[in-house]
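Engineer: Spelled out, the chains give:
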Amino acid sequence: MSATAMNRDVPGIYHKAGSLRAERRWALWVAYISLTVAAIIFLAPPFYMLITSLKGSAEIAGMTGSPWLVRSPTLENYVNIITSPMFQRFMLNSLVITACVVALTMVVSVLAAFALARMRFWGSQMLATGVFLTYLVPDTLLFIPLYQIVGGLGLLNSIWGLVLVYPTLTVPFCTWIMIGYFASIPKELDEAALIDGATWPQMLWKIFIPVALPGIIAATIFAFTVSWAAFVYPTAFVTTPDQMPLTIGVVSQLVRADTFAWGQIMAGALMAALPPVVIYAFLMDYYIAGLTAGATKG
Amino acid sequence: MAADGSLAGAALRRGAPNSLQRFARRRSSIAVLMTTPLLVIIIGLVAYPAVYAIYLSMLNRRMTEFVGTLNYEILLESETFWMVAFQSCFFAITAVLLKAMIGFWLAHMLHDIPDKGQRKWRGMLLVPWVIPPALSTLGWWWMFDPSYSSINWLLAVISVPEVPWLGHHWWARIAIIMVNVWIGAPFFMIMYLAALKSVPEQLYEAAAIDGATGFQRLRYVTLPMMANIISITVLFSLIVTFANYDIVRVLTNGGPRDLTHVFASYAFQVGILSGNIPRGAAVSLFMFPILAICAFFVLRSVVRRNKEQM
Chain A
21 MSATAMNRDV
31 PGIYHKAGSL
41 RAERRWALWV
51 AYISLTVAAI
61 IFLAPPFYML
71 ITSLKGSAEI
81 AGMTGSPWLV
91 RSPTLENYVN
101 IITSPMFQRF
111 MLNSLVITAC
121 VVALTMVVSV
131 LAAFALARMR
141 FWGSQMLATG
151 VFLTYLVPDT
161 LLFIPLYQIV
171 GGLGLLNSIW
181 GLVLVYPTLT
191 VPFCTWIMIG
201 YFASIPKELD
211 EAALIDGATW
221 PQMLWKIFIP
231 VALPGIIAAT
241 IFAFTVSWAA
251 FVYPTAFVTT
261 PDQMPLTIGV
271 VSQLVRADTF
281 AWGQIMAGAL
291 MAALPPVVIY
301 AFLMDYYIAG
311 LTAGATKG
Chain B
132 MAADGSLAGA
142 ALRRGAPNSL
152 QRFARRRSSI
162 AVLMTTPLLV
172 IIIGLVAYPA
182 VYAIYLSMLN
192 RRMTEFVGTL
202 NYEILLESET
212 FWMVAFQSCF
222 FAITAVLLKA
232 MIGFWLAHML
242 HDIPDKGQRK
252 WRGMLLVPWV
262 IPPALSTLGW
272 WWMFDPSYSS
282 INWLLAVISV
292 PEVPWLGHHW
302 WARIAIIMVN
312 VWIGAPFFMI
322 MYLAALKSVP
332 EQLYEAAAID
342 GATGFQRLRY
352 VTLPMMANII
362 SITVLFSLIV
372 TFANYDIVRV
382 LTNGGPRDLT
392 HVFASYAFQV
402 GILSGNIPRG
412 AAVSLFMFPI
422 LAICAFFVLR
432 SVVRRNKEQM
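Chains as they are written, first to last, in this note's numbering: chain A, 21 to 318; chain B, 132 to 441.
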């Protein structure tokens, strides 16, 4: 940038003077074209899902003309799916599971992160590393032994079995990013609190949680989206429809019908995807902070 | 630490008026108390199952007898297993490379446009990452549907012949990679964008004054500054992609003829659906060496990064 300014002062000496600005304009064009192409590709599948969900079954069965257009839009699929008791059940299950898991995750990870970030004790460093390693263990490595363990506890085919195992997906990462947020709070704050006679729990409750609130929101959003979207565990542990959360419910139960009711499947999938998308739309900055915190903060 | 805790506990039991407060102030005892739930989850639901998986994989099908490494031997002799291993590696490597390149390109493009517009574009481009993968894959499945594929319809507009997306195994593999790249590229984009923004502007100015070309700026300023984030993101994505299950389950369910199974979906098929839990555990444990290598390098990069920041 300063080079352009410098070049403008001494025209004629540097041949690049004009070309730099042209180069910049050209770069801007390339940027907008690539972004537009990417946006079209990235948004096409959800758009197509929306289009399909607005079509009546006759129109889908017709298979004529452009599939990307809807000729007689109808909300019939949405009405059907919302009034279906099965779908309501999936939604309720998802809500209960997610609420429990998010609450559990946040309590466990905020407490642990506070202890790991502020109270150095024997093995605290090792435990912090262990937390990160746990985050790297994928669910597909654990679902078979967990299937046996959950089965042994008699929690197969129950949403409580899912509430038990989902924290393995959420707790490590949430703890990890909370350690980062807590560690960034200046030490002077807790020294002042200690001098004023605050106990450790008071310090956590009155200082750390309010100060690290953005981090807590980011971690909560992460826990919510992960437990809402979890797929491996419910697929493995739940086979009775009335205990299924939305993801596996939509994928296995709606698709099961012989004549694929595509409009209804797409309406169901979109409704199921709505909560994370709404949260993302309103809290995008926190969402992205949580996403990037793992690498930039830790 | 343990002594601390028991001392405080003893003081509590004696019921001295001040002991509760003292207990609450003792650092190590309360720290242990606070980390206990985390330890329970990590040990009980991750470490113990991981060890248990090794034990499980050495049992016979009905889990009544210890058979040593028999399950592994049977797997190593089966052709399907090698197909699965090949497909998993092929899928993970291709998909991660594509995601990394597309993400890198888009992050640069986003970084190039004026700040005001960035938010809007970023918001749009992250949508594939936000939708739960199982559900967006359902949408892709319908787009690949042989009888009324909307992608084939678009291809027909530019007179490309019909593609048997999920019918032929190579096309099915490509379809799986496409969906995975579609879901994962925005994640790379957002990570790289965060990294790009953390590169000090002065470095570029200095490079510009020294007469560096755009490529040289990328090669000698941007890449070294981002190297750590790039390696963390790539390795992390390699783990997640290698262990992916959702996309294969929804899109092909392993078909046609078991040629698109990856380790996770094959382990599911063998372990849960066919009821051979030990063999399934053995299949999923084959993922472990590769994941462990990736995890080692991720951890090293993260530790190095922490040291730099301190």
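Keep in mind that the hints were calculated from the coordinates and are not lab data. Computed from a predicted structure; not experimentally measured. Careful: at least some of the hints might be erroneous.
Stated by the list, open to error - List of simulated lysine to any residue pairs, SDA-like, C-alpha gap at most 25 Å:
{"hint": "1", "chain 1": "B", "residue 1": "LYS328", "chain 2": "A", "residue 2": "TRP180"}
{"hint": "2", "chain 1": "B", "residue 1": "LYS251", "chain 2": "A", "residue 2": "VAL127"}
{"hint": "3", "chain 1": "A", "residue 1": "LYS207", "chain 2": "B", "residue 2": "PHE318"}
{"hint": "4", "chain 1": "B", "residue 1": "LYS438", "chain 2": "A", "residue 2": "LEU153"}
{"hint": "5", "chain 1": "B", "residue 1": "LYS328", "chain 2": "A", "residue 2": "LYS226"}
{"hint": "6", "chain 1": "B", "residue 1": "LYS328", "chain 2": "A", "residue 2": "ALA51"}
{"hint": "7", "chain 1": "B", "residue 1": "LYS438", "chain 2": "A", "residue 2": "LYS226"}
{"hint": "8", "chain 1": "B", "residue 1": "LYS247", "chain 2": "A", "residue 2": "THR149"}
{"hint": "9", "chain 1": "B", "residue 1": "LYS328", "chain 2": "A", "residue 2": "GLY150"}
{"hint": "10", "chain 1": "B", "residue 1": "LYS251", "chain 2": "A", "residue 2": "LYS207"}
{"hint": "11", "chain 1": "A", "residue 1": "LYS226", "chain 2": "A", "residue 2": "PHE141"}
{"hint": "12", "chain 1": "B", "residue 1": "LYS247", "chain 2": "A", "residue 2": "LEU48"}
{"hint": "13", "chain 1": "B", "residue 1": "LYS251", "chain 2": "A", "residue 2": "TYR68"}
{"hint": "14", "chain 1": "B", "residue 1": "LYS328", "chain 2": "A", "residue 2": "PHE141"}
{"hint": "15", "chain 1": "B", "residue 1": "LYS247", "chain 2": "A", "residue 2": "TYR68"}
{"hint": "16", "chain 1": "B", "residue 1": "LYS251", "chain 2": "A", "residue 2": "VAL297"}
{"hint": "17", "chain 1": "B", "residue 1": "LYS328", "chain 2": "A", "residue 2": "TYR68"}
{"hint": "18", "chain 1": "B", "residue 1": "LYS438", "chain 2": "A", "residue 2": "ARG45"}
{"hint": "19", "chain 1": "B", "residue 1": "LYS247", "chain 2": "A", "residue 2": "ILE53"}
{"hint": "20", "chain 1": "B", "residue 1": "LYS247", "chain 2": "A", "residue 2": "LYS226"}
{"hint": "21", "chain 1": "A", "residue 1": "LYS207", "chain 2": "B", "residue 2": "SER159"}
{"hint": "22", "chain 1": "B", "residue 1": "LYS251", "chain 2": "A", "residue 2": "SER54"}
{"hint": "23", "chain 1": "A", "residue 1": "LYS207", "chain 2": "A", "residue 2": "VAL297"}
{"hint": "24", "chain 1": "B", "residue 1": "LYS247", "chain 2": "A", "residue 2": "ALA203"}
{"hint": "25", "chain 1": "B", "residue 1": "LYS251", "chain 2": "A", "residue 2": "GLY82"}
{"hint": "26", "chain 1": "B", "residue 1": "LYS251", "chain 2": "A", "residue 2": "THR149"}
{"hint": "27", "chain 1": "B", "residue 1": "LYS328", "chain 2": "A", "residue 2": "ILE71"}
{"hint": "28", "chain 1": "B", "residue 1": "LYS328", "chain 2": "B", "residue 2": "PHE318"}
Engineer: Give a verdict on every hint.
Structural biologist: Okay, the hints, checked on the actual structure:
{"no.": "1", "hint": "B:LYS328 with A:TRP180", "result": "43 Å, violated"}
{"no.": "2", "hint": "B:LYS251 with A:VAL127", "result": "34 Å, violated"}
{"no.": "3", "hint": "A:LYS207 with B:PHE318", "result": "33 Å, violated"}
{"no.": "4", "hint": "B:LYS438 with A:LEU153", "result": "18 Å, holds"}
{"no.": "5", "hint": "B:LYS328 with A:LYS226", "result": "33 Å, violated"}
{"no.": "6", "hint": "B:LYS328 with A:ALA51", "result": "17 Å, holds"}
{"no.": "7", "hint": "B:LYS438 with A:LYS226", "result": "30 Å, violated"}
{"no.": "8", "hint": "B:LYS247 with A:THR149", "result": "39 Å, violated"}
{"no.": "9", "hint": "B:LYS328 with A:GLY150", "result": "30 Å, violated"}
{"no.": "10", "hint": "B:LYS251 with A:LYS207", "result": "37 Å, violated"}
{"no.": "11", "hint": "A:LYS226 with A:PHE141", "result": "22 Å, holds"}
{"no.": "12", "hint": "B:LYS247 with A:LEU48", "result": "14 Å, holds"}
{"no.": "13", "hint": "B:LYS251 with A:TYR68", "result": "21 Å, holds"}
{"no.": "14", "hint": "B:LYS328 with A:PHE141", "result": "36 Å, violated"}
{"no.": "15", "hint": "B:LYS247 with A:TYR68", "result": "29 Å, violated"}
{"no.": "16", "hint": "B:LYS251 with A:VAL297", "result": "15 Å, holds"}
{"no.": "17", "hint": "B:LYS328 with A:TYR68", "result": "34 Å, violated"}
{"no.": "18", "hint": "B:LYS438 with A:ARG45", "result": "40 Å, violated"}
{"no.": "19", "hint": "B:LYS247 with A:ILE53", "result": "17 Å, holds"}
{"no.": "20", "hint": "B:LYS247 with A:LYS226", "result": "37 Å, violated"}
{"no.": "21", "hint": "A:LYS207 with B:SER159", "result": "18 Å, holds"}
{"no.": "22", "hint": "B:LYS251 with A:SER54", "result": "15 Å, holds"}
{"no.": "23", "hint": "A:LYS207 with A:VAL297", "result": "37 Å, violated"}
{"no.": "24", "hint": "B:LYS247 with A:ALA203", "result": "32 Å, violated"}
{"no.": "25", "hint": "B:LYS251 with A:GLY82", "result": "37 Å, violated"}
{"no.": "26", "hint": "B:LYS251 with A:THR149", "result": "36 Å, violated"}
{"no.": "27", "hint": "B:LYS328 with A:ILE71", "result": "37 Å, violated"}
{"no.": "28", "hint": "B:LYS328 with B:PHE318", "result": "16 Å, holds"}
Hints 1, 2, 3, 5, 7, 8, 9, 10, 14, 15, 17, 18, 20, 23, 24, 25, 26, 27, counting from the list given before, are not met by this structure.
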